[in-house]
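Protein chains in written order, with my numbering: chain A, 88 to 356; chain B, 3 to 287; chain C, 642 to 956.
Source of the hints: derived by calculation from the structure; they are not laboratory data. Note that the structure is predicted; figures quoted are calculated from it, not measured. Among these hints, one or two may not hold up.
As the list claims (entries may be wrong) - Anything over 12 Å on all C-beta distances counts as not near chain B; from chain A, calculated: (1) Arg-180; (2) Val-186; (3) Gln-212; (4) Ser-227; (5) Thr-339.
What the hints assert, rightly or not - Far from chain C, some chain B residues (derived; all Cβ distances over 10 Å): (6) Val-46; (7) Lys-57; (8) Met-136; (9) Asn-230.
What the hints assert, rightly or not - In silico DSSO-like cross-links for lysine-lysine, where the CA-CA straight-line distance does not exceed 27 Å: (10) Lys-13/B to Lys-861/C; (11) Lys-57/B to Lys-288/A; (12) Lys-804/C to Lys-292/A.
Even glycine gets a Cβ: it sits at the ideal position worked out from N, Cα and C.
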Amino acid sequence: MKKMIAMVMLAVMAMFALAGCGGGGKTVGSVSTDGSTSMEKVIGALGESFQNETGIRFTYNPTGSGSGIKAVQEGRCDIGLSSRELKKSEQDRGLKATVLAYDGIAVIVNPNNPVSDLGLEKVAQIYRGEITNWSQLGGSNAEIVLIGREAGSGTRDGFESITNTKDGCKYRQELTSTGDVITTVAQNPNAIGYASVASVKDSVKALTINGIAANEANIKDGSYVVQRPFVLVTKGDVKLTEGAQKFFDYITSSAAHGIISAAGVVPAN
Amino acid sequence: MLNQSLSKKRKGFELLMRTLMIASAILTAVLVVFLLVYVLLEGVPNITWELLSGKPSYLTERIGILPDIVNTIYIVLATMLIVLPLGVGAAIYLTEYASDRKIVGMIEYAAETLSGIPSIIYGLVGMLLFSNSMGTCLMAGALTLVIMNLPTIMRTTQESLKTVPQSYREGAFGLGAGKWRVIRTVVLPGCVDGIVTGCILSVGRILGESAALLFTAGFAHALNGLINGLASPGATLTVALYVYAKEQGEFGVAFAIAAILMILTVLINFAATFVQSHYTKRRRV
Amino acid sequence: MPIKENTNKNRTMRKIDPLQSLNSWDKKSRHQTIEHIIHGIFLLLGLIAVGCVLVITVYLVISGIPAIREIGLFDFLFGEEWASTAAEARYGILPFILTSIYGTLGAIVIGVPIGFMTAVYLSKLASPRVKSVMQSAVSMLAGIPSVVYGLVGMLVLVPGIRKVFDVPDGASLLAAIVVLAIMILPSIIKMSVTALDAVPKEYEDASFALGATPIETYFKVSVPAAKSGIAAAVVLGVGRAIGEAMAVMMVAGNVPNMPDSLFQSVRFLTTAVASEMAYSSGLQQQALFSIALVLFFFIMLINAALNFLLKREKE
Chain A
88 MKKMIAMVML
98 AVMAMFALAG
108 CGGGGKTVGS
118 VSTDGSTSME
128 KVIGALGESF
138 QNETGIRFTY
148 NPTGSGSGIK
158 AVQEGRCDIG
168 LSSRELKKSE
178 QDRGLKATVL
188 AYDGIAVIVN
198 PNNPVSDLGL
208 EKVAQIYRGE
218 ITNWSQLGGS
228 NAEIVLIGRE
238 AGSGTRDGFE
248 SITNTKDGCK
258 YRQELTSTGD
268 VITTVAQNPN
278 AIGYASVASV
288 KDSVKALTIN
298 GIAANEANIK
308 DGSYVVQRPF
318 VLVTKGDVKL
328 TEGAQKFFDY
338 ITSSAAHGII
348 SAAGVVPAN
Chain B
3 MLNQSLSKKR
13 KGFELLMRTL
23 MIASAILTAV
33 LVVFLLVYVL
43 LEGVPNITWE
53 LLSGKPSYLT
63 ERIGILPDIV
73 NTIYIVLATM
83 LIVLPLGVGA
93 AIYLTEYASD
103 RKIVGMIEYA
113 AETLSGIPSI
123 IYGLVGMLLF
133 SNSMGTCLMA
143 GALTLVIMNL
153 PTIMRTTQES
163 LKTVPQSYRE
173 GAFGLGAGKW
183 RVIRTVVLPG
193 CVDGIVTGCI
203 LSVGRILGES
213 AALLFTAGFA
223 HALNGLINGL
233 ASPGATLTVA
243 LYVYAKEQGE
253 FGVAFAIAAI
263 LMILTVLINF
273 AATFVQSHYT
283 KRRRV
Chain C
642 MPIKENTNKN
652 RTMRKIDPLQ
662 SLNSWDKKSR
672 HQTIEHIIHG
682 IFLLLGLIAV
692 GCVLVITVYL
702 VISGIPAIRE
712 IGLFDFLFGE
722 EWASTAAEAR
732 YGILPFILTS
742 IYGTLGAIVI
752 GVPIGFMTAV
762 YLSKLASPRV
772 KSVMQSAVSM
782 LAGIPSVVYG
792 LVGMLVLVPG
802 IRKVFDVPDG
812 ASLLAAIVVL
822 AIMILPSIIK
832 MSVTALDAVP
842 KEYEDASFAL
852 GATPIETYFK
862 VSVPAAKSGI
872 AAAVVLGVGR
882 AIGEAMAVMM
892 VAGNVPNMPD
902 SLFQSVRFLT
912 TAVASEMAYS
922 SGLQQQALFS
932 IALVLFFFIM
942 LINAALNFLL
952 KREKE
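This is chain A alone, in the form it adopts within the complex (with noise of 0.2 Å):
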């Protein structure tokens, strides 16, 4: 009999456990955010003084633009987090964009490459695979290996449409990450890819296009035209918690633009 109790008592437990799981996200005193990779770094640490300052929870879930922007609207997170603006049929349904800042999108190669810069226009002729040696670009002979990232990161989608290459990419690897690119290009001597500039290390090289450089004044007044804007997405009728809206508040406000800055973006406002 007293196994039987143990038993029930263990199912009940399980029920407990899982009731909490459900309510996880939504109470007062925290912020859930889910979304766009590319803006790990920037809302990391926009969560991480908010948290030390406020003592609110916040959570993020790095999971990708197009996840992130559906999870809001399941209303299984506070903020959406896109690295693309919303399209027609995202508004439709009611969610409404904030601009958080903007960021460039560095076109980026090994850095044993001699090519050292690109027009926007051969940047599209290679991804389209119109030109394929890098000796057509004064490189050396050899084939162009072009790394992109998977469909619905806010990264290629900002990409394809600044350069004008939607659907017709010739991708050699199709990656999940920003940081996964990376690490490729800086394998590959004869690779080339496209990364947030916040997350851009040293162990590739930016390329400047049309001879600008992917630097923060560059994007800041618009001269260097690969970039794309970090968005906060919110369910328009409806109101935010109490943690969350103090949250988009914060990260909306000039106290902000300091930590924006460090993590390599440019604040909206």
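Using the hints provided, position chains B and C relative to the given structure of chain A.
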């Protein structure tokens, strides 16, 4: 000895097969040694106290895997707590109670099928079943792992139940004990080794699991208490290894985790062998 | 899941007639009632295992069918192009199916001979000491998490393939095949050794007495005697290889190409699910469930083969 009388063809066959066998065995051995040495060499220098004891910070750009270690412990505890009664109970039913061959066959076939399903499918179903209803959280991951590990616990328990001599049971029945009492006092103590082995194997599997957890438990690095921890998303060590290697390109950290996992794997293998030989010896006496 | 549990409970409750147990509530029948209840609980626990399989199957079928219906079974299975997020989305999974089949075959072609030869060596030639050391090494290999294989593959194998074969990029079908071959080695070796160890000594003795050399005996007597066990080992390896996701995802490049060459960047059935699941929605997500259903179907076939072989081995 016999070799003089062998024809050339037979000698050739002999030589070829012997060479192939030894070459294969050496290749396998070299592979194991290479993997072990490479991962440990790359990983161990990166295991620092700071890495083990801290949590990651974006502001100071430091990386710590304490939350991942804690999450791993939570998920192991939660999974084992649920899967043990389920698996052991099912095994007891199959060996001690079941008289209907049809039901036994059905359950055994189900268990075999479960153990052949790839973990990515568990992850997908876990996402549909658990994560969609209660959010991405460690508990959802743990429940997915429960389904995954059920067959292991069932099989090992069943095997050791079968080794408990029938005469023990008959003796206890002869003394007038009821079935439940016999199970509790005679059968279960006799199969502790099987249950322990099953547990060790399951813990090993949970430690190494990644595909089933990515979509169910998520990959946050937050440090939480037990209840909060089970209710919020979190990465286990293996998932963290994947995230650090793939998403962030932090190979030093990835190798450090890989080295920790390797060491744990070795320990788990030793533990399993030890338990088995310990109990086999005791039984022979 | 909850629905299933309820029906199970009903089934077990039916066995105990509540009226009868109330009427004769003496000590003995109370005792019996407890026995019945406990019997019921254990039955319930056993049925939960069956329930899990049913739930998984039912869920996969229910969520996998709609996309196949919408896309059309033929277009889905034999479509050569996968572009799930393009303006005009196309959902053909032939590249994934072929990649999974080629990848698994490749892993078998490399892994089985090595594993089989190692198994014969360990079972028949090796000294007990070597055998026990090697066996724990092999268990060790089996216990390494698949992401560790992926990590080493990504940093050693992929650049290695690029340099050795002088191809533009090493992330390829070949890299995946090599990783899979290594990953299936332990299951092949372990099961083959068990099967070979179980061959009766008398068979071999008879062969020796007829003048066969040890090696001839092992390959012409012992191996044929253990053939269903070894075949089961191979089938188990096939199951492992076709179901692996994470390690393959880290080395195969992940572009949905038709696998025309060993050096092409490819996507497997498993990696197709894993790489797009996180952000998919609508028909795209349903199509991913359909891919999982196809994968499940393959696994079921393999399981059936395995069961058949193991049953024959027992006989």
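Verification of the supplied hints:
no. : hint                   : result
1   : Arg-180                : holds (19 Å)
2   : Val-186                : holds (21 Å)
3   : Gln-212                : holds (28 Å)
4   : Ser-227                : holds (25 Å)
5   : Thr-339                : holds (18 Å)
6   : Val-46                 : holds (14 Å)
7   : Lys-57                 : holds (21 Å)
8   : Met-136                : holds (12 Å)
9   : Asn-230                : holds (24 Å)
10  : Lys-13/B to Lys-861/C  : holds (15 Å)
11  : Lys-57/B to Lys-288/A  : holds (22 Å)
12  : Lys-804/C to Lys-292/A : holds (22 Å)
Of the numbered hints given earlier, the model fails none.
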